[in-house]
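Residue numbers (numbering that gives the first Met the number 0), protein chains in the order written: chain A, 0 to 369; chain B, 0 to 369.
Since the hints were derived computationally from the structure, they do not count as laboratory data. These figures come from a predicted structure and were not determined experimentally. Each hint can be trusted.
Simulated pairs of lysine to any residue, SDA-like, Cα-Cα distance not exceeding 20 angstroms:
hint, chain 1, residue 1, chain 2, residue 2
1, A, 103, A, 117
2, B, 287, A, 64
3, B, 194, B, 214
4, A, 72, B, 293
Partial chain B-side listing against chain A, Cβ under 10 angstroms, derived:
hint, residue
5, 34
6, 38
7, 70
8, 73
9, 293
10, 305
11, 313
12, 316
13, 318
14, 321
With beta-carbon atoms standing in for the labels, derived distance ranges:
hint, chain 1, residue 1, chain 2, residue 2, range
15, B, 201, A, 278, 56 to 64 angstroms
16, B, 83, A, 280, 30 to 38 angstroms
17, A, 296, B, 281, 41 to 49 angstroms
Beta carbons: idealized from backbone N, C-alpha and C, even for Gly.
There are 2 protein chains.
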Amino acid sequence: MGRFRIIHSCGEARCGVYSTGHGEFETPNFMPVGTRGSVKGLDIERVKETGAQIILVNTYHLWLRPGQQTVRKLGDIHGFTAWDGPILSDSGGYQVFSLKGIRKLTREGVEFQSHIDGARCFLTPELSVEIQETLGVDIAMVLDECPASDLSFADTEKSLNLTLDWARRSYVARRNPDMSLFGITQGGLYPELRKRSAEELAEIGFDGFGIGGLSVGEPIEKMYEVLSYHVSELPKAKIRYLMGVGTPRDIVEAVKNGVDLFDCVIPTRAGRFGRAYISGPEPYLNIKNACFAESLEPLDSECNCLCCRHYSRGYLRHLFQVGEMLGPQMLSLHNITFYQDFMRKIRDSISRNEFNDFYAAEIKRWENID
Amino acid sequence: MGRFRIIHSCGEARCGVYSTGHGEFETPNFMPVGTRGSVKGLDIERVKETGAQIILVNTYHLWLRPGQQTVRKLGDIHGFTAWDGPILSDSGGYQVFSLKGIRKLTREGVEFQSHIDGARCFLTPELSVEIQETLGVDIAMVLDECPASDLSFADTEKSLNLTLDWARRSYVARRNPDMSLFGITQGGLYPELRKRSAEELAEIGFDGFGIGGLSVGEPIEKMYEVLSYHVSELPKAKIRYLMGVGTPRDIVEAVKNGVDLFDCVIPTRAGRFGRAYISGPEPYLNIKNACFAESLEPLDSECNCLCCRHYSRGYLRHLFQVGEMLGPQMLSLHNITFYQDFMRKIRDSISRNEFNDFYAAEIKRWENID
Chain A
0 MGRFRIIHSC GEARCGVYST GHGEFETPNF MPVGTRGSVK GLDIERVKET GAQIILVNTY
60 HLWLRPGQQT VRKLGDIHGF TAWDGPILSD SGGYQVFSLK GIRKLTREGV EFQSHIDGAR
120 CFLTPELSVE IQETLGVDIA MVLDECPASD LSFADTEKSL NLTLDWARRS YVARRNPDMS
180 LFGITQGGLY PELRKRSAEE LAEIGFDGFG IGGLSVGEPI EKMYEVLSYH VSELPKAKIR
240 YLMGVGTPRD IVEAVKNGVD LFDCVIPTRA GRFGRAYISG PEPYLNIKNA CFAESLEPLD
300 SECNCLCCRH YSRGYLRHLF QVGEMLGPQM LSLHNITFYQ DFMRKIRDSI SRNEFNDFYA
360 AEIKRWENID
Chain B
0 MGRFRIIHSC GEARCGVYST GHGEFETPNF MPVGTRGSVK GLDIERVKET GAQIILVNTY
60 HLWLRPGQQT VRKLGDIHGF TAWDGPILSD SGGYQVFSLK GIRKLTREGV EFQSHIDGAR
120 CFLTPELSVE IQETLGVDIA MVLDECPASD LSFADTEKSL NLTLDWARRS YVARRNPDMS
180 LFGITQGGLY PELRKRSAEE LAEIGFDGFG IGGLSVGEPI EKMYEVLSYH VSELPKAKIR
240 YLMGVGTPRD IVEAVKNGVD LFDCVIPTRA GRFGRAYISG PEPYLNIKNA CFAESLEPLD
300 SECNCLCCRH YSRGYLRHLF QVGEMLGPQM LSLHNITFYQ DFMRKIRDSI SRNEFNDFYA
360 AEIKRWENID
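All chains should be modelled from the sequences, with the hints used to inform the complete structure.
Structure below.
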């Protein structure tokens, strides 16, 4: 279950509302990533303060530690994380893809060794759905197989067949009708396979659609090319989620093509390494740069996050220089706030039929960035 | 400057108020440690929420990085840290003590190698005061020499002579009358030297007195023994600060003898390693313990900190198991809140003439702890 209402469109871009058993979120939206049930460095009140409306957790990681039954006993994923709003979990498919060397794929599922203790694990589409239902998430993703972007047509097609088969099995496996279940499209960089993927998934009748297999090593132009034809192949009335993407630049590109939902580790990961996304002519800065040593400016004078309200660039640079954990915490907080503000501006610009201007301005900011 | 008013006494224990140019703090009080200008893992609003009224920073660390002039340019220590309440800085004496192997002590001062780049640094009593004035702290400490606790009487006396000489020079060196300057007593475990230390410092006329050279490796009973005779040797009307101490057990012992102020890294350091101080029969727990894996209880059901309001012991254990930084953050936040609540209870018990009962109950909690 889960209900998606489109409120306004501006070209292919649209804004809407998705409803779950734990409340609504507006689209386009960005989910901070809480892989192991924690958005790195932020307590749950700080996550809320960023403006986040939905968060993501990882099935694979929570399955291995602490285990879905433990999460359930600790108040399901909402009580566990203390996040009372919507929560989406990925299926573990991407992690299985990342474990390429140490996994064995069969029609039935995927066998691999735990990254923790080397134990043999066997994940099937049915088990992935069951784990996600036990966690108690609002939106579950089907288990998919993500092919490398440089695979041949024949191999990518073979992989897609498996993904589609798993999608059907996942759909049948759902027991809890209150939990949304999203299919995931694959097909690499092959238009024909992408189209088939979208069509066959649509027939199954999912509550929404993830676009998988992008931002996995292919050149960025290739990703934009797929978005240019593939997003519109998905049912217009359903929510569309571009998985694991991306920079603000990527996000406006995807929204332009009709994507509604995103997740990415960039705001927290980049934050931990000193990169802050900012307003103004430059899209980001590296706070470790010596030029900020005596700067009294906040990271971003247009931002109202705790970091920007209290701290100077000079102080933040100092924190990174001396290795204080508050530095990564503050840049993560700022970056997620920046992303949430960015999504709000996107929604506003769509509502006011000004998205094309917003898009053009954002592209300009990234012109000289490689 | 700085004004200390004693409001109520209960035996040797007393409660009072110390006023600075950045507001007051109640005594007995505990200062969270912000060595490099950050209380580890807590943003400044979270520090405030613990109930902290004054924080401590380290002269030695800020001198080397980012340098006191940079701190000044970034809004002095208050603008730099975004803490608008009272701030006390230590003098660097303890750090010089810790660098024992790579320092050279003379009558004039101490030469040592920076722990960062090996550069030769020379710290004098005058320079320490100047650095602290430049930082803009409310309370500065004099540079002292902290002898090892197993030194002979003759060597400890020689060291004390140097400390007293440096104290006089520090007093003369102060330029800013708005900044409080505290002397520091030494004398190791020798009653005669402790007494001389207290008397000679009192004659100089400091605004308050640090008790130094304790909790530096001596058996805990030896520290309690020194406290039993030494605290009362200090001027009754002045604030007394036991430096670098300690556990809740140590704190009640010191308050019983008339100590007013404390600082210690224990709440944050222990928190980073999974120890949480709690109410109830046991004084603390180790959250990594397997027995907490499925516990829905908060760390401390009597605590109202963000960690205890939102998170279960099971979730917190999970954070430590998987190495999420939120674990150390939350236990640090809880422990500092616990310490602040503890100090408030001490003040209340003194006000109500019930400190002896409070003391007895606390001692009982620690009976079976080594």
